[in-house]
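Start from the sequences and build out the full structure, keeping to the hints where you can.
Protein chains in written order, with this note's numbering: chain A, 29 to 272; chain B, 12 to 330; chain C, 1481 to 1775.
No lab work stands behind these hints: they were computed from the structure.
From the three backbone atoms N, C-alpha and C, an ideal C-beta is built for every residue, glycine too.
Careful: at least some of the hints might be erroneous.
To be verified - Below are the DSS-like pairs computed for lysine-lysine, each with C-alpha atoms no more than 30 Å apart in a straight line: (1) A/K165 with B/K189; (2) C/K1655 with A/K43; (3) C/K1652 with C/K1768.
Unchecked claim - Chain B residues, not near chain A, derived (Cβ > 12 Å throughout): (4) L87; (5) K91; (6) V98; (7) L121; (8) L162; (9) L181; (10) L183; (11) L186; (12) I187; (13) L188; (14) N212; (15) Y290.
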Amino acid sequence: MLHVEGVVKSFDDFKAVNGANLVVGRGEIVAVIGPNGAGKTTLFNLITGQLQRDQGKILFKGEDISALPPYEICHRGIARSFQIVNIFPRLTVFENVQVAVLSQQKRSHDLFSPAQSIAVEKTQSILESIGLAGKGKNIAGSLSHGDQKILEIAIALGNEPELLILDEPTAGMSPEETAATMELIQCLARTRGLTILFCEHDMEIVFSISQSIMVMHQGRTLIQEKPEAVRQNKEVQEAYLGGE
Amino acid sequence: MFKGIVCAKSFQLAVALFILLLLLPPFVPRFYVYILALIYVTSLLAMSLNLLVGHGGMFQFHHAVFYGVGAYTVALMLTKTRMPVWVGFLAGPIAAMFAGLVIGWFCVRLTRLYFGMLQISLGSLVWAIVFRWYRFTGGDDGIHGVPMPPLLSSLNRSYYFILIILALSLMLLYLILKSPFGSTLQAIRDNPDRCAAVGINVRRHQLLAIVVATFFAGIAGVLFVVLERSVFPDLLFWVLSLEIFIMCLLGGWFTFAGPVLGAAITVALRTFVGIYTEYWTLILGVILILLIFFLPEGVMGYLLEILKPRAKEAAGRRE
Amino acid sequence: MGVSYGAADLISQFLVGISRSMILFIVCAGLSFVLGVLRVPNIAHGSLYMIGAFATFSLSKVFAGSYGFWFALILAPLLVVLISLVAERALFCHLYQREHLMLLLFTFALSLIFGDLVKLVWGAEYRSVAAPDLLKGSVSMLGSSFPRYNLFLIFIGLGVATALWVFVNKTKIGKISRAAAVDREMVGMLGINVSWVFAAAFVIGCYLAGLGGALVAPTVSITLGMDHTLIIEAFLIVTIGGLGNMWGALVGSLIFGVTHSLGVLILPQFAIIFPYAAVVIVLLLRPKGLLKSVW
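And the structure:
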């Protein structure tokens, strides 16, 4: 479904991504791991169009999306959540998700119909499925950090994506919140038939739910394999553990 | 259309206020009727700016240009052509909207401060042309004695007309803010990158917002001519642009009607302070500094803050 | 428009343009410097320029005689510095943590207050300052006569440019200011008091505004409203030069001054349109300015 081939991205002289390859099949849950600075977030930014690659190709469902702006990529079926909470702080929780749903339904430009009666069911059902239904009228900026991270994901769901990219979805969460969030993600993947690409630092999670893991180091893809194969790979152990 | 999106109490209050203001002219001195009408015109201008600044988060630094374009268009049409009056009245907002489209198209390619600076430069060019083109626009003198139809012959009649148009415009603006367009615009204000990631073409949306806002600015320009029967280059000057900015800040730019309050306070103060001293600008500057330090959410924002906990308490007691 | 101009007229007008550019450059370098370090366009910059001009008028009267102007040239900018330092330490510095829009609105408030203060102190009449004896009259150059004062302006402009270059690249404060422009947090972490850096940058910028006002005093009628005209021109110049880039301010000023002078030659009534149009053209082609901005 998603093919990333030989992508390179430099900032002045610094090569943030230097030969990244990734394959995500439909319906899979794929993780990208690597030490800090390996280029994971940069890679995600390249896929979703926040950055433009210098070299390489990014194909989604057979179409080259490398040069498209973010909003076009979203319309192709990719949605994403961000590492640092990236919500609409002054809007209510309901409105946060609704903006995405309205965009999906191509109704963002409607000038004269009242927003509060459009796409209500859709938005409510998303809020229910992630457990924020009771907080719909709260101002998003006032939520706890954990709730804001979940709202991140909810907004992405508003786009009815085929591929959902999650950038460190459990960063800063307590162990209970983390477990709950990961269960939620798996449940969503099942019920909505989503393909999921995510990156995480918590190795337990990564190894327990992914079907395929891509390891990055200094901007390069080391390998992409099933979890067991990755666990036993020598290069990976060196990169992470400094060669033991 | 309105049912359900305005809370009944606010709507009733607004209607009551409207009727009160409508009935006012026979009972108050002429001077106050004039000041109120001026407040209405300025309120509409400030509301149109706030669509972009408070709700859209854009650095619309030279909004007065569109106001001036609207005013000059109707003045020119009514003095230099024999077109019927209503054509002139329509031409004002349309010309302003067109100017908004052109200038906006160049500005939305940039962000934040650059957006503002480019707008100041393009707007100043328009001002410079109007200021110098004596033959066409009257240059420094402006255009005076713009003829109005018999329907608007007296101050009171102009007052009614202006008030009604203001009320209609405010209703439209309210609908627009509560529409999907409005929600998306506010989302863009809060987080434009996230909006892009959610599939919104931010530039196009901002341009659409500019077109809407400048249309209303053009209406305000037409209303100005109805009231004053003249135009002058100061209507397009950057100082006025920043003054309207201050009105939005003063009133509270994250609220709906804040700019109206800001405009009312500013015009009223300017008029009454002006009776005692010619240093109104100094006082405006001091007010602005006080605002920045003590009331950044504006007067209305502050009032809402005070009233909110009390409302919550009352609700809590009821439960 | 059937008048034909000789090459001498063209060159002479071109040089007039350059000398006018020098004043613009001095003022805009100050504006750009503050913009670069504090990230805020100082709207009060025009008012300080105006205060510099009016102060030059008063000071040159106090020190009557042919040395009056020179005293004023030195003291007027210092007066402006004093005023801006008071404003900065009393009020401005408390806003450094706030959003930039608030800082910008604060500088607008200052410009309103300063504008009226000038009216209060000096009244609404036009004032004028005579050039010092040394610089009166013209010099014949390249086939036509060229005012000595304008020549003086060109030299001063080059002098200021050199001094600024030395300051920014060779002195400690200059280098720290440059660093603060790019990354203020880093500078803070190096143990340097960022607030003082801002104060220094602000004061230097305001000094240049005052100096520009003092220099322009003998060449124009000093009026209320000078601040408004100047701040727009300065904004536009700084924008086309590249925000925060002092060499951009030089380039922008030259473009502005020269196009204005040529405009005077071609279409005197619409002369001011020429520089504005030039600005618009530059911004349409290079929206972020001609030279790299500090941001």
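Now the hints, each set against the structure:
1. Distance check on the hinted pair: A/K165 and B/K189 sit about 15 Å apart at the alpha-carbon level, within 30 Å; holds.
2. Note on C/K1655 and A/K43: the hinted pairing holds, with a Cα-Cα distance of about 28 Å set against a maximum of 30 Å.
3. Only pairs whose Cα atoms come within 30 Å are accepted, and C/K1652 paired with C/K1768 is accepted, the gap being roughly 29 Å.
4. The claim that B/L87 lies off the interface holds: its Cβ sits roughly 30 Å from the closest Cβ of chain A, which is beyond the 12 Å cut-off.
5. For B/K91, the non-interface assignment is confirmed: its Cβ lies about 34 Å from the closest Cβ of chain A, beyond the 12 Å cut-off.
6. Remark: the non-interface label on B/V98 is consistent with the geometry, its nearest Cβ contact in chain A lying 25 Å away (cut-off 12 Å).
7. At roughly 16 Å from the closest C-beta of chain A, the C-beta of B/L121 stays outside 12 Å, upholding its exclusion from the interface.
8. The Cβ of B/L162 lies farther than 12 Å from every Cβ of chain A, with a closest approach of about 29 Å, so its non-interface assignment holds.
9. Its beta-carbon lying about 15 Å from the closest one in chain A, B/L181 satisfies the requirement of being farther than 12 Å from that chain.
10. The non-interface label for B/L183 is inconsistent with chain A: the shortest C-beta to C-beta separation is roughly 8 Å, within 12 Å.
11. Remark: the non-interface label on B/L186 conflicts with the geometry, its nearest Cβ contact in chain A lying 5 Å away (cut-off 12 Å).
12. Against the 12 Å criterion, B/I187 falls within the reach of chain A, whose nearest CB is about 5 Å from its own CB.
13. Interface exclusion of B/L188 from chain A breaks down, the closest Cβ pair being 9 Å apart, not more than 12 Å.
14. Against the 12 Å criterion, B/N212 falls within the reach of chain A, whose nearest CB is about 5 Å from its own CB.
15. Listed as a non-interface residue, B/Y290 keeps its Cβ farther than 12 Å from every Cβ of chain A; the least gap is roughly 37 Å.
When each numbered hint is compared with the structure, violations occur for hints 10, 11, 12, 13, 14.
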